[in-house]
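Spelled out, the chains give:
2 protein chains.
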Amino acid sequence: MITWKNLDTASAYQELLKVAPVDLKEAMAGEGGAERVRKYSVPMAAGLAFNYAAKQVDDKALEAFAKLAEEMQLAEKFEALYNGEVINTGEKRMVLHHLTRGQLGEPVVADGVDKRGFYAEQQRKIAELANKVHSGEIANAAGEKFTTVVQIGIGGSDLGPRAMYLALENWAKVNDTFKMEARFISNVDPDDAAAVLNTIDVAHSIFVLVSKSGTTLETLTNESFVKDALKNAGLDPSRHMIAVTSETSPLAKSDDYLAAFFMDDYIGGRFSSTSGVGGAVLSLAFGPEVFARFLEGAAEEDKLACNRDILKNPAMLDALIGVYERNALGYQNTAVLPYSQALSRFPAHLQQLDMESNGKSVNRFGEPVSYPTGPVIFGEPGTNGQHSFYQLLHQGTDIIPLQFVGFRKNQMERDVVIQDSTSQQKLCANVAAQIVAFACGKADENRNKNFEGGRPSSIIVGDQLTPEALGALLSHFENKVMYQGFVWNINSFDQEGVQLGKVLAKKVLAHDTDGALKAYSDLLDI
Amino acid sequence: MITWKNLDTASAYQELLKVAPVDLKEAMAGEGGAERVRKYSVPMAAGLAFNYAAKQVDDKALEAFAKLAEEMQLAEKFEALYNGEVINTGEKRMVLHHLTRGQLGEPVVADGVDKRGFYAEQQRKIAELANKVHSGEIANAAGEKFTTVVQIGIGGSDLGPRAMYLALENWAKVNDTFKMEARFISNVDPDDAAAVLNTIDVAHSIFVLVSKSGTTLETLTNESFVKDALKNAGLDPSRHMIAVTSETSPLAKSDDYLAAFFMDDYIGGRFSSTSGVGGAVLSLAFGPEVFARFLEGAAEEDKLACNRDILKNPAMLDALIGVYERNALGYQNTAVLPYSQALSRFPAHLQQLDMESNGKSVNRFGEPVSYPTGPVIFGEPGTNGQHSFYQLLHQGTDIIPLQFVGFRKNQMERDVVIQDSTSQQKLCANVAAQIVAFACGKADENRNKNFEGGRPSSIIVGDQLTPEALGALLSHFENKVMYQGFVWNINSFDQEGVQLGKVLAKKVLAHDTDGALKAYSDLLDI
Numbered sequence: 008m009i010t011w012k013n014l015d016t017a018s019a020y021q022e023l024l025k026v027a028p029v030d031l032k033e034a035m036a037g038e039g040g041a042e043r044v045r046k047y048s049v050p051m052a053a054g055l056a057f058n059y060a061a062k063q064v065d066d067k068a069l070e071a072f073a074k075l076a077e078e079m080q081l082a083e084k085f086e087a088l089y090n091g092e093v094i095n096t097g098e099k100r101m102v103l104h105h106l107t108r109g110q111l112g113e114p115v116v117a118d119g120v121d122k123r124g125f126y127a128e129q130q131r132k133i134a135e136l137a138n139k140v141h142s143g144e145i146a147n148a149a150g151e152k153f154t155t156v157v158q159i160g161i162g163g164s165d166l167g168p169r170a171m172y173l174a175l176e177n178w179a180k181v182n183d184t185f186k187m188e189a190r191f192i193s194n195v196d197p198d199d200a201a202a203v204l205n206t207i208d209v210a211h212s213i214f215v216l217v218s219k220s221g222t223t224l225e226t227l228t229n230e231s232f233v234k235d236a237l238k239n240a241g242l243d244p245s246r247h248m249i250a251v252t253s254e255t256s257p258l259a260k261s262d263d264y265l266a267a268f269f270m271d272d273y274i275g276g277r278f279s280s281t282s283g284v285g286g287a288v289l290s291l292a293f294g295p296e297v298f299a300r301f302l303e304g305a306a307e308e309d310k311l312a313c314n315r316d317i318l319k320n321p322a323m324l325d326a327l328i329g330v331y332e333r334n335a336l337g338y339q340n341t342a343v344l345p346y347s348q349a350l351s352r353f354p355a356h357l358q359q360l361d362m363e364s365n366g367k368s369v370n371r372f373g374e375p376v377s378y379p380t381g382p383v384i385f386g387e388p389g390t391n392g393q394h395s396f397y398q399l400l401h402q403g404t405d406i407i408p409l410q411f412v413g414f415r416k417n418q419m420e421r422d423v424v425i426q427d428s429t430s431q432q433k434l435c436a437n438v439a440a441q442i443v444a445f446a447c448g449k450a451d452e453n454r455n456k457n458f459e460g461g462r463p464s465s466i467i468v469g470d471q472l473t474p475e476a477l478g479a480l481l482s483h484f485e486n487k488v489m490y491q492g493f494v495w496n497i498n499s500f501d502q503e504g505v506q507l508g509k510v511l512a513k514k515v516l517a518h519d520t521d522g523a524l525k526a527y528s529d530l531l532d533i
Numbered sequence: 008m009i010t011w012k013n014l015d016t017a018s019a020y021q022e023l024l025k026v027a028p029v030d031l032k033e034a035m036a037g038e039g040g041a042e043r044v045r046k047y048s049v050p051m052a053a054g055l056a057f058n059y060a061a062k063q064v065d066d067k068a069l070e071a072f073a074k075l076a077e078e079m080q081l082a083e084k085f086e087a088l089y090n091g092e093v094i095n096t097g098e099k100r101m102v103l104h105h106l107t108r109g110q111l112g113e114p115v116v117a118d119g120v121d122k123r124g125f126y127a128e129q130q131r132k133i134a135e136l137a138n139k140v141h142s143g144e145i146a147n148a149a150g151e152k153f154t155t156v157v158q159i160g161i162g163g164s165d166l167g168p169r170a171m172y173l174a175l176e177n178w179a180k181v182n183d184t185f186k187m188e189a190r191f192i193s194n195v196d197p198d199d200a201a202a203v204l205n206t207i208d209v210a211h212s213i214f215v216l217v218s219k220s221g222t223t224l225e226t227l228t229n230e231s232f233v234k235d236a237l238k239n240a241g242l243d244p245s246r247h248m249i250a251v252t253s254e255t256s257p258l259a260k261s262d263d264y265l266a267a268f269f270m271d272d273y274i275g276g277r278f279s280s281t282s283g284v285g286g287a288v289l290s291l292a293f294g295p296e297v298f299a300r301f302l303e304g305a306a307e308e309d310k311l312a313c314n315r316d317i318l319k320n321p322a323m324l325d326a327l328i329g330v331y332e333r334n335a336l337g338y339q340n341t342a343v344l345p346y347s348q349a350l351s352r353f354p355a356h357l358q359q360l361d362m363e364s365n366g367k368s369v370n371r372f373g374e375p376v377s378y379p380t381g382p383v384i385f386g387e388p389g390t391n392g393q394h395s396f397y398q399l400l401h402q403g404t405d406i407i408p409l410q411f412v413g414f415r416k417n418q419m420e421r422d423v424v425i426q427d428s429t430s431q432q433k434l435c436a437n438v439a440a441q442i443v444a445f446a447c448g449k450a451d452e453n454r455n456k457n458f459e460g461g462r463p464s465s466i467i468v469g470d471q472l473t474p475e476a477l478g479a480l481l482s483h484f485e486n487k488v489m490y491q492g493f494v495w496n497i498n499s500f501d502q503e504g505v506q507l508g509k510v511l512a513k514k515v516l517a518h519d520t521d522g523a524l525k526a527y528s529d530l531l532d533i
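Residue numbers (my numbering), protein chains in the order written: chain A, 8 to 533; chain B, 8 to 533.
The reader is advised that the hints may include incorrect statements.
Since the list gives no way to pick out one identical chain from another, each pair is judged satisfied if it fits inside one copy or across any two copies.
[Stated by the list, open to error] Taking lysine-lysine and the DSS-like style, the derived pairs with C-alpha atoms no more than 27 Å apart in a straight line are:
{"#": "1", "residue 1": "Lys132", "residue 2": "Lys514"}
{"#": "2", "residue 1": "Lys449", "residue 2": "Lys513"}
{"#": "3", "residue 1": "Lys509", "residue 2": "Lys67"}
{"#": "4", "residue 1": "Lys513", "residue 2": "Lys310"}
{"#": "5", "residue 1": "Lys152", "residue 2": "Lys132"}
{"#": "6", "residue 1": "Lys514", "residue 2": "Lys46"}
{"#": "7", "residue 1": "Lys514", "residue 2": "Lys25"}
{"#": "8", "residue 1": "Lys456", "residue 2": "Lys513"}
{"#": "9", "residue 1": "Lys238", "residue 2": "Lys514"}
{"#": "10", "residue 1": "Lys456", "residue 2": "Lys99"}
{"#": "11", "residue 1": "Lys513", "residue 2": "Lys32"}
{"#": "12", "residue 1": "Lys234", "residue 2": "Lys449"}
{"#": "13", "residue 1": "Lys513", "residue 2": "Lys416"}
{"#": "14", "residue 1": "Lys99", "residue 2": "Lys139"}
{"#": "15", "residue 1": "Lys238", "residue 2": "Lys456"}
{"#": "16", "residue 1": "Lys234", "residue 2": "Lys67"}
{"#": "17", "residue 1": "Lys416", "residue 2": "Lys180"}
{"#": "18", "residue 1": "Lys509", "residue 2": "Lys25"}
{"#": "19", "residue 1": "Lys12", "residue 2": "Lys25"}
{"#": "20", "residue 1": "Lys46", "residue 2": "Lys32"}
Everything labelled a hint here was simulated from the structure, so no lab data went into it.
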């Protein structure tokens, strides 16, 4: 029997608040520090590991986390979720993105359809289409192969797929699975679509229109933009466009598209990278086998996330450390710092995933909560970030918890030896150095050169950023965010906070405004 | 006579802490709101305006700001800075980036050279080189024109120039001043350089190596990477590379470069976009006239920043509002939200500019300060952000101050009418709507759909993102950051916080490690 209750009603939470943070300067010094690095690590899928040695936690804290996990019934809540309970209570929807990559529990049937079967079928159809595009069986009117795929979508239909594409683009090129270039159009700013259209050959481009509802204004506007371009080039748009949408949307059965692939209301936009939303563009770009490997990595990681033992469940453990940092230690932000240029837009995806899911101040029953929920997430790849905002992370007046990601090998085959080390070795040396610098600091009589230390971080380490590793990484953060939502007793799967802006923007466009809204409309000449 | 003193020793600060924040829901409602939009606006250069109607301030707060500005001698400190006083006390350097775009005060002479003259001379030489490259007078060994410029640099040698390039790329294409494509290599991750090299034609590429000291490890490593690629293509690297560096650097008088252009220790990396660091790549990409217009916009805005009246000095006013939010209201972050796809990387540049400058916890004399200093800066362009992290901004448990940027016209000529409005009108309607939604909120009995409001924002509005407008925008934020550093009595011009990581990374590469550092090195297989 599951009880949904606020965090501050849990007795384990009161205990958590009393847990003293580890003094990292002390704990990470000498051989004790080395011991922590070896001990505080949890294996993940695809050969990754979640290492939290440099977090301000010890066995005592872990005990408190375990109690909280038990009292808040985290594993049970996840079980209910993947077995099809209506967890998105606000919108009265199940939450089924895990089924796009595997079956974690019992079959989930909705509208008479087995949902795992449904998602797998969509994936199969996408693979079929992708193979036909790659073979030239589906081609443009002149019978020529498509060479570019352009995704048209915004939010979850853009950030996740874009980050995943960039993460695997060079890997695919080196591993001879690269099929076609992908581009993305998202912003309603007309310069976004115009700029992308200026740099592609529309005659050889296939467009993937992604909108669950089929009514997202930005996306429909950009579709129109693209259709105009196709028509101006004497082309028939319906031979160049496919749709990813829900079966009930106006796009679903339209002749305007070569094909339509389906998702449904049980897949939130920000959790849709493993559905057709990511599947179509990634299968076209890299081939369906690569996308399948990406799903396998996610599925394997999902299984770990079911574990009731927090020491065998990296997502749950990461979530609890984050809650401790947010609610007991009072930190407001988390920086995501991947030491891999391929993950350049991964932080932007996590920013949506986390902040849109857990940036809430009412619980799942609509009652205000009296504790902080989701933090601000930001980040850039290392080593670039080191030459940018790390100054504040090291010596600023606030402590910002850090989440590093690093790989032993790079993706491409080229490297160079300068001063007796390769670039890849330098990259890895930098992330190792940063973790220790943040944790241990360094005393200096010149206070300007003094490093306080005591700044917590974790690192996810892997061998190489492969499709499986990327899938595991994505799953880890999705499940971490889900677990934090369970702890905070909020609904991580709706986004009512985006509605008011939409309503007011419509009023502005209809010139139905007064007061400040009219004044701003005048200021902007609308 | 200037007195450098801590903020909390100022009597005006004690008064500031007592200023009650305006209730935005009330103040921005009805005609009073419209009146605020018309009243709380300060003209900027290039036709921009800084509108702070939706900030939690009123005439009383403005009075307190003015007193603080006076007591902290903000205008006098800026005057001292541009007249050549050693403001970067930690490194014992003057701070002269303003001289790269104009002469605000008395001539500044260093090492027997008039610095304004020196920077202008570099700009002239860069223009000369750029014109020769464009005309084909400087060409590759086969006598063919260069078609691509690749900047090799990191931190301030990357983020600012890259953001500026992206900001003007499409504008230049539409206005027929686009000369050549620019690309950027920054990360020590070898996949960064390899990926860029895979997509360019090195035989027709000219590389700009940017390193003030000539010793930045990432940059020298990437230079080597590029030189290997040139040699492998049978090309002579010295015919493809120019350097931007200081006169005393090892790169300055080397035969390895077609030409070298100089900056000096008085230009901090994050303030160097208007020096040769931005000048070479932008002049090559868009022509020297466009770069000159960008400088004019910055110079015009700099002049406004000298004003002693905060109501005529947008940078100082913006800085003081930020201090009020940070120190009196306790907000830890600021989001930068440009409604222009061209400004997609402008927030990443501001992240460095602000966080590296003001992420300090000791004052300019090396004594710890007991108040918060620089905030975390993050952001993405609208409307994309609306479909990502705005949920938290609207309904999260923390208040995040917002800095919008918007333009009445887009840069390119294409647009589309859908549902009776253009995309540009939709873009502008959205930013207007968001400001009001954040400020006023909307009560709903369903607490999940309830918007508290009271979330402060400002907007910089302009007609179009032209070179002048971009220069003004850049100058505004540079001067804002400088003024906040003055208020907090910190040195905004050094970055000692980046040193420890460098030292430890060297140890790792030399295998001179023990304890946790060795354990992390093992974990990463270094």
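Hint-by-hint comparison with the structure:
{"no.": "1", "hint": "Lys132 x Lys514", "result": "neither (41 Å within a copy, 53 Å between copies)"}
{"no.": "2", "hint": "Lys449 x Lys513", "result": "between (55 Å within a copy, 16 Å between copies)"}
{"no.": "3", "hint": "Lys509 x Lys67", "result": "neither (47 Å within a copy, 34 Å between copies)"}
{"no.": "4", "hint": "Lys513 x Lys310", "result": "neither (44 Å within a copy, 39 Å between copies)"}
{"no.": "5", "hint": "Lys152 x Lys132", "result": "within (19 Å within a copy, 48 Å between copies)"}
{"no.": "6", "hint": "Lys514 x Lys46", "result": "between (58 Å within a copy, 23 Å between copies)"}
{"no.": "7", "hint": "Lys514 x Lys25", "result": "neither (50 Å within a copy, 38 Å between copies)"}
{"no.": "8", "hint": "Lys456 x Lys513", "result": "between (53 Å within a copy, 18 Å between copies)"}
{"no.": "9", "hint": "Lys238 x Lys514", "result": "neither (32 Å within a copy, 61 Å between copies)"}
{"no.": "10", "hint": "Lys456 x Lys99", "result": "between (55 Å within a copy, 15 Å between copies)"}
{"no.": "11", "hint": "Lys513 x Lys32", "result": "between (54 Å within a copy, 21 Å between copies)"}
{"no.": "12", "hint": "Lys234 x Lys449", "result": "neither (59 Å within a copy, 37 Å between copies)"}
{"no.": "13", "hint": "Lys513 x Lys416", "result": "between (50 Å within a copy, 19 Å between copies)"}
{"no.": "14", "hint": "Lys99 x Lys139", "result": "neither (38 Å within a copy, 66 Å between copies)"}
{"no.": "15", "hint": "Lys238 x Lys456", "result": "neither (62 Å within a copy, 42 Å between copies)"}
{"no.": "16", "hint": "Lys234 x Lys67", "result": "neither (61 Å within a copy, 54 Å between copies)"}
{"no.": "17", "hint": "Lys416 x Lys180", "result": "within (16 Å within a copy, 39 Å between copies)"}
{"no.": "18", "hint": "Lys509 x Lys25", "result": "neither (43 Å within a copy, 36 Å between copies)"}
{"no.": "19", "hint": "Lys12 x Lys25", "result": "within (20 Å within a copy, 38 Å between copies)"}
{"no.": "20", "hint": "Lys46 x Lys32", "result": "within (17 Å within a copy, 52 Å between copies)"}
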